[in-house]
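Asks: What follows is each chain in one-letter form.
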Amino acid sequence: MKRFTDPRNDLPESDRRDVSATDLTGTAKMRRMPAEVRRSALAGMRDMAPLLVPAIPFALVLGVAIADSSVPNLAGWFSSSLMFGGASQLTAVTLLGEGAGAAAAIVGALTVNARHVMYSAALIGRFRTQPRWFRRLGPYLLLDQVFALVSTHDSPPRSWRAYYLGAGLSAWVMWQLFVGAGVLFGPSIPAGIDVSFAVPALFLGLLVPSLVRRPAAVAAVVGAGVTAACWQIPNRGGMLIGGLAGMVAGYFTEPGADE
Amino acid sequence: MTAWFVFAAAGLGTYLSRGVFILLVGDRVLSSKVERVVANIGPAVLAALTASLLTTDGLGAFLGSIPEVAAVVAGVIVGLWRRTFVTSFLVAIVVWAGLSVVV
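Taken in sequence, the protein lines are chains E and L.
Residue numbers for the first sequence, in this note's numbering: 83 to 341.
Residue numbers for the second sequence, in this note's numbering: 4 to 106.
For the record, the hints were derived by calculation from the structure and aren't laboratory data.
In this text the structure is predicted, and so the values were computed from the model without any measurement.
Check the hints yourself; a few may be wrong.
Stated by the list, open to error - Derived list of chain L stretches under chain E, where covered just means 3 residues or more per stretch with a C-beta under 8 Å from a C-beta of chain E:
#1 17-29
#2 42-53
#3 72-78
What the hints assert, rightly or not - From the structure, some residues in chain E lie toward chain L, with a derived Cβ separation under 8 Å:
#4 M115
#5 A117
#6 A301
Just so it is clear, CB atoms sit at the ideal spot from N, CA and C, and this is done for glycine as well.
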């Protein structure tokens, strides 16, 4: 006669109390989210929170711009889920509102987002160990803020994925809500305090402590310096040049680069 | 109808720009040479993004802003010293806010 064993015995002590009676079918570990994954997802949400504060006024401004333009409010709001990128949305809404053609609005929005190609290249190594479904879904959430967090976050693939989704989905929900609020309440929203420096300060805080290797530090210094020198290039084009210059400088500083 | 088309097309293009390398490389193993290139894209791009945001109003405007320059210097020093995100960020913000009131 087969002996019944409680599947909770396979779980760490701290997790056993969370297993409900319906889990006692031998698949408890598969049915519930492991504590490590849950912690990583929550950490992603927690780390994203301060990055979202400066984004809220931007989301509201975008909503007001949609409400004030000739773009239908519903379509304008849906751009938040279709495009999910503040600067490119604002570009498309502004160009459409000024009577520009569809091609001009699309090209304008995509030019603003050109820097995202660099994010994709930077995260190849992280995504290579992820399942196919996540490699297809993940890039949709890859905002500036999400990139800043996940590119400096080290953890095993499963935890990294949970962290990414926690950060990305909380940004997505916030963005939909506050752009919608801007569209609905528009001019009644008071002017906010100046939070313009908060975003680069957050990115700086994420970047500097992660520079533990000399090639990475060289890449960062060259990347920042070249970008600053190219500040006059429109649509953050200098960032693309700076990123490439930093990448090349880092490569030649790596041990064995001359092989 | 034009707006819906524009947002859908720009959304598809945005997704592809964010995913182009991730989708192309998939789970393939990269050569050691490519690994060395990829290893430093993250810091280079994050630094470039930060510099791009700091110089939105021009390099001269940033260098002429004592609160911003002092905050960046303080944030970098504390970040290298303490190696924690929160400390670096808080020091930069406190220096910036404090000097913005004084200067």
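Asks: Run through the hints listed earlier and report the numbers of any the structure violates, in increasing order.
Replies: 4, 5
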